[in-house]
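Novice: My request is simple: use the sequences and hints to build the entire structure.
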Amino acid sequence: MSDGPPVTPSPEPDIKLVWFVVALLAYIAAGFFLKSAVLNWIVGPLFPFLALFVLPRLLRWRRGAAEVESAE
Amino acid sequence: MSWAAHEFENYFIQKHIGVKASFLGIVLGTQSPDLFTKLFVYQSDDTALFHRGWPGVGFTHSLMFGVVLATLVLAVTRSQGWALGILIGQWAHVLTDVADSAGVMVFFPFSTEPVTIDMWEHAAVLGPHGDAAAYYSSLGLAWDLFWLAMVLIFASQALRRSYFREVIVPADPKVWGWLHRTLRLPETALLLIYRGLMFYGIGRLVAWFLYARLDAKTPLQLEWGGPAYVTRNDLSDAGVLEVIGRTALGAVLFAAFLWVGWRLIGRRLWARGYDVPAAASVKA
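Protein chains in written order, with our numbering: chain A, -17 to 54; chain B, 2 to 285.
It should be emphasised that the hints constitute simulated quantities derived from the structure, not laboratory data.
In this text, all values refer to a predicted model and were calculated from it rather than measured experimentally.
Quick list of in silico lysine-lysine cross-link-like pairs, BS3-like style, CA-CA up to 25 Å:
#1 -2(A) with 16(B)
#2 175(B) with 21(B)
#3 17(A) with 218(B)
#4 16(B) with 175(B)
#5 39(B) with 17(A)
Specialist: Listed below in structure tokens is the structure:
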């Protein structure tokens, strides 16, 4: 780890509350049926990061790749 | 044991300590008593004794454990923010767990007497799912809702992006900076990680509550010492005066230990430790 200016402020706007609510409902539904597999200290805190940051980027990347393929 | 309360209290503590303590240190502190022991608790023959008593891993729920952990972290990393965060977080966990029937040995090793206010039954004997159902059928539910309300009323600012930028990151620039640069995570992603425990706390509270009501169908008994269907598991058969006497003696000895320990070791370690610039400017 190194020092220095830590985090560059992101120009992106904050994620809207409604998306947190959607992610929360999805998490609660998954937790109700899968219980400890989802309601644990690793999946739980990382769920918003995975659902609201990683997943949208993956979907965007896939969509971009599909558009390139269809253009070719 | 408390469930989502241990997630919510991180933000409450952080809001009141500000830049002096690392948020991740506080999180490590609040989770440390159960971090390496919870899995084994459910597998033990006497869950309450193993979890909170002696012999067992009950020492992890003592104030002394926080002192030892914080001292080790200060000695190794020299980070005052992490040491302070771990100490306060661990102490918060200990004091929060006083509420269930098993209690905690607050002043171990000077007193092995569990301190409890008996608000709800420690129900680990029922296994993880049964434990959750019992907790969310008792005043444990009210305890989690109390801590959620404390965060929303008194510490909601701590969840804002501006707070993350102005307090959380400056309080721990090394770790957040490392995540930012090495994993190439933008501020938005770091903010999601920071807010993750709040999300998890609300999610587990609602999901386990629904499980208790709709699946396990345990009776909702919001009365002191409930739920009644869980077998009583008080770790001590001592009377109230005996508990007060032993605990008071333990408290005095612990305070004396802290004073001597600070004079001999603590203040030297603290003096050779470093503070983040943001915290130093607050002091000045």
